[in-house]
Amino acid sequence: MKIFDFFKGKRVFVTGHTGFKGSWLCKALTMSGAEVTGYALAADDDQQLLKLSGAEAGMNSITGDIRDFDKLYAAFEKAKPEIVFHLAAQPIVRESYIRPAYTYETNVMGTVNILECARLCDGVISLLNVTTDKVYENKEWEWGYRENEPLNGFDPYSNSKSCSELVTSSYKKSFFADDNIRISTARAGNVIGGGDFAKDRIIPDCIRAASVGKTIGVRNPYSVRPYQHVLEPIFVYMAIVAAQYADPAKAGCYNVGPDDSDCVPTGKLVDIFCEKWGDSQSWENQCTENAPHEANMLKLDCSKLKKVFGWQSAWNIETAVEKTVGFAKIQLSGGNIADAAERQIMEFANDSTWLNK
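The C-terminal position of the sequence shown is numbered 394 in my numbering, with every residue numbered one higher than the one before it.
Think of the hints as simulated: they come from the structure by calculation, not from any bench.
Zero decoy hints are in this set.
Calculated lysine to any residue pairs in the SDA-like style (CA-CA distance at most 25 Å, straight line):
1) 305 x 319
2) 305 x 259
3) 176 x 203
4) 236 x 312
5) 313 x 260
6) 366 x 303
7) 47 x 112
8) 47 x 280
9) 287 x 186
10) 313 x 259
11) 39 x 345
12) 45 x 96
13) 336 x 203
14) 287 x 69
15) 236 x 308
16) 344 x 184
17) 305 x 261
18) 287 x 46
19) 336 x 175
20) 313 x 323
21) 343 x 184
Please model the complete structure; the sequences and the hints are all you need to start from.
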């Protein structure tokens, strides 16, 4: 497969590799034969996907805080990467209301630190900063936001990611205008998939409740989000860094989201989960008046991604939930997670017709 062939033997640096997306990305990269170095905080007890998937054994995993520039720089210098994926973040909206300063320190200064490393160290050719669909000033429109819409996230998490986008833009114009390092940002919607047990995320909450026979509690059942399987953005990220590595004109900002038919209310997502889980699983509305603000409507316009890459979503929301439930049941029963992860990656890659053109 072309995308795997590209990464074979490439030196790749991934921040946030112990997280949900980072673990899936590292699994795909190690499967491709890349020389991967990861830099992140130690995984929480409920986030052991990197280890269970077998990815950790095939890479150099460094425990460190993205806010610690000296340690990050030393790791960067030693790895001498050609390609950088920046995923390290404080990624939870509700947590950002509790720890706003930490969220800004991590999401803004963490971006500054990784861009400084790329600026000061020789050898980087292609860098991707992964942000979020929540970077936009959300007007609760029915239509999707485009890459040229104003950035101004509401909550500390979303706003810090807007700031991360602005930092990246400034560095591109100030230090990398000659395209010696090609830099893009990717704004992905809400992701689901196997191996995610983080708190305050809807599918992990569903799995925790269903695994012990409890009714699922849903905070915002009517909020519409662009839900997609985690492998959708993972392969887009890989495609972006590969494309701009060869052609600087491909660098830019890209939305990564599902088709409109898969932008569903959270309650509908949980309906699908209950159907796929079986065992007469059910949920209840636990919306409260004093809950922290979260957007009610958020969609992305991915026309640019489709035009530049010929991208098409491979798994619709029904398939994404089905794959997630299947993976979760393997994990909860003590099955082979490494085999399950590798199998789903290959299934997804084969179903992604745009990658194989």
